[in-house]
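Asks: Listed below, chain by chain, are the residues.
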Amino acid sequence: MNSERPQHSQSRPPAGGLTPAQRAAYWARNIRLLLTLLLVWAIASFGCGVLLRDWLDQWKLPGSGFPLGFWFAQQGSIITFVILVFVYAWRMNKLDREFGVREEED
Amino acid sequence: MGVQAWTFVLVGLSFALYIGVAIWSRAGSTKEFYVAGGGVPPLANGMATAADWMSAASFISMAGIISFAGYDGSVYLMGWTGGYVLLALLLAPYLRKFGKFTIPDFVGDRYESNTARIVAVLCAIFVSFTYVAGQMAGVGIVLSRFLEVDQTTGVLIGMGIVFFYAVLGGMKGITYTQVAQYCVLIFAYLVPAIFLSILMSDNPIPMLGFGGSGADGVPLLQKLEGLHRELGFASYMDGSKATIDVFMITAALMAGTAGLPHVIVRFYTVPKVRDARKSVGWALVFIAILYLTAPAIAVFARTNLLQTVTDQPYAEMPEWFTKWESTGLLQWEDANGDGLIQYTGPASATANELEVNRDIMVLANPEIAALPDWVIGLVAAGALAAALSTAAGLLLVVSTAISHDLLKRALMPTITEKGELRAARIAAGVAVVIAGYFGINPPGYVAETVALAFGLAASSFFPVLLLGIFSKRMNRAGAITGMISGISFTAGYIVYFQFLHRELSTPEHWWFGISPQGIGAVGMVVNLVVAMLVSRLTAPPSRGVQAMVEEIRVPKGSGPAHEIEGV
Chain W
3 MNSERPQHSQ SRPPAGGLTP AQRAAYWARN IRLLLTLLLV WAIASFGCGV
53 LLRDWLDQWK LPGSGFPLGF WFAQQGSIIT FVILVFVYAW RMNKLDREFG
103 VREEED
Chain F
10 MGVQAWTFVL VGLSFALYIG VAIWSRAGST KEFYVAGGGV PPLANGMATA
60 ADWMSAASFI SMAGIISFAG YDGSVYLMGW TGGYVLLALL LAPYLRKFGK
110 FTIPDFVGDR YESNTARIVA VLCAIFVSFT YVAGQMAGVG IVLSRFLEVD
160 QTTGVLIGMG IVFFYAVLGG MKGITYTQVA QYCVLIFAYL VPAIFLSILM
210 SDNPIPMLGF GGSGADGVPL LQKLEGLHRE LGFASYMDGS KATIDVFMIT
260 AALMAGTAGL PHVIVRFYTV PKVRDARKSV GWALVFIAIL YLTAPAIAVF
310 ARTNLLQTVT DQPYAEMPEW FTKWESTGLL QWEDANGDGL IQYTGPASAT
360 ANELEVNRDI MVLANPEIAA LPDWVIGLVA AGALAAALST AAGLLLVVST
410 AISHDLLKRA LMPTITEKGE LRAARIAAGV AVVIAGYFGI NPPGYVAETV
460 ALAFGLAASS FFPVLLLGIF SKRMNRAGAI TGMISGISFT AGYIVYFQFL
510 HRELSTPEHW WFGISPQGIG AVGMVVNLVV AMLVSRLTAP PSRGVQAMVE
560 EIRVPKGSGP AHEIEGV
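First to last, the sequence lines map onto chains W and F. Under my numbering, the residue at position 50 of the first sequence is numbered 52, and the numbers go up by one with no gaps. Under my numbering, the residue at position 138 of the second sequence is numbered 147, and the numbers go up by one with no gaps.
Note that these hints are calculated values from the structure, not bench results. Small disclaimer: the values here were computed from a predicted structure and weren't measured. Where is the CB? At the ideal position from N, CA and C, for every residue including glycine. Each hint should be verified, as a subset may be incorrect.
[Claimed, not checked] Far from chain F, by Cβ distances over 10 Å, these chain W residues were calculated: (1) 23; (2) 57; (3) 60.
[Stated by the list, open to error] Cross-link-like lysine-lysine pairs, in silico, DSS-like; alpha carbons within 27 Å at most: (4) F:232 to W:62; (5) F:109 to F:417; (6) F:481 to W:96; (7) F:109 to F:427.
Okay, chain W solo, but in the shape it has when bound (with noise of 0.2 Å):
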């Protein structure tokens, strides 16, 4: 993957074979995706599901009985997190190996 390995001593082996430079985009690249998905993660919950439910209640989920402010707190938020952890795992994933730093297969 990278051929100009920088020295290290001893103490500070390389981390996934990657030169400082790469290791810091690789790192910003996984907080730029961390804060993107925390943020729809708060909008579901602590937003919809409790500072804006009040106002959500105005409507219904679309083909139920559910109020919308009340049906996040009880349900939309779960549905909402299963989905941006597999979303996470799998942007993940695909920046590992760009980076070549994905764990080799046995």
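Please arrange chain F on chain W, whose structure you already have, making use of the hints.
Replies: This is chain F only, laid out in the frame that chain W set:
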């Protein structure tokens, strides 16, 4: 066969299944699976994590609390699932890469300090005790009803079973036993829910059914809301907690979930970092199946209860009513002497005559709806599976914390393996006794007691783990002062309101209206702020530690997976 006979048969069969699976998986695949970097596949690990995670609080208590508190119960639904997002994104993959056994191991190594390790051990023990107490109370409720003994005797019998179960070495260690436990508990949870959903809303999917309408065309939620208003209870759809309290409790439960020691260790058992990421996802899917059903059960159970008892003659109550009365968890006093049951809320002009413990709702629900006897027995088996799998996991944390983290790694490095094992067993025994005491005298309902444990975990572990991974600058002094200030602030608030001055535990006296269940979120902020400030004022960690942090941020080169060992 009656309810009791079915309960014995189904509980017996489920136990036989766990033991059978344990023997089978130990004989067959131990070598190939657990040694030489093998590990457990993410799907199975997710299922086992779900069983480990879903305790008496999730199974017995949660739907009951929601059915009484309505919207307010959402804090448990959001909190206990939302925490998995934090776990997946912020902790699990990195801790898997780090690849040691316990949280104190990470804390001790990351902060190069035995003091930090010991503080982490003490926090782990404290958190786990509170949590086990909740399980014990749950086991006590199940046993008291089905063996027809009082709650105290139920807890004592439960202590015996849990101790035997946890000390029966390896039982817990085998992931496939927990997979079996998950199957039993989810089946036991869904069957009555499906029955009820068909009965009440004509929809076989309970998750959707409670948003539908009954045979009379009135939406179920609207019918229940109407009953609540008519009888003077707080609104089901709006709840009665302040928004700030709902917010804080949810936050404390989420961060606590991510910081719970017995959940985190599960992610050391998967083969690779990417499996840890996916495994959290699967765990959450299996948890979500129960959590999406719980609010449905809550609505069905509440509506059924109100319709069954309201203004009915006591003499005509079905058998379940008197059976639960004999456990002391259901109490009726004929205040106006008319022989009818008046079950009313605080806003009603009629005096209330009925006290229903919320924790009995899930267990009593199938009986109230007159479902077949085997369904009732099945629910008991499921509840025991939930409580036992979690209690055993927690006892394991307590005993490894003492024998491995405290004795071997910190205080007595020369201790023999035999001595370590003996210490682990003694610790498990003491833990069961103390937990039993709190199970008999619980400081609240099961889910509420458990919620306190989450507050403690949120205010102690979550910040130091998070900062340990995401801040290279975080050092020993910051971590120790952060943990101590966070957990003592939270524990102090909880002890003051839950134990010393229960009469003052009302919104007017709480700080900013934040209840003891929600204070962990504030404790977490205290921990974060103290840790950041102190670390900036003291020397940065060594280069070795900084390199280690770099290392855990990249998946490549993770070590072999661990298997959790029995006590």
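Asks: The structure should be examined with respect to each hint, and the outcome stated for every one.
Replies: To see whether the hints hold, each was checked on the structure:
Distance check for residue 23 of chain W against chain F: the nearest CB is about 13 Å away, which clears 10 Å, and the non-interface claim stands. Listed as outside the interface, residue 57 of chain W is consistent with that label: its C-beta sits roughly 12 Å from the nearest C-beta of chain F, beyond the 10 Å cut-off. Every CB of chain F is more than 10 Å from the CB of residue 60 of chain W (nearest about 13 Å), matching its label as outside the interface. Under the criterion of a C-alpha separation no larger than 27 Å, the hint pairing residue 232 of chain F with residue 62 of chain W is consistent with the structure, at around 16 Å.
Distance check on the hinted pair: residue 109 of chain F and residue 417 of chain F sit about 15 Å apart at the alpha-carbon level, within 27 Å; holds. Restraint check for residue 481 of chain F and residue 96 of chain W: satisfied, since their Cα atoms lie roughly 25 Å apart, inside the 27 Å limit. The straight-line distance between the Cα atoms of residue 109 of chain F and residue 427 of chain F is roughly 21 Å, inside the 27 Å bound, and the hint therefore holds.
Against the hints set out earlier in the document, no violation occurs for any number.
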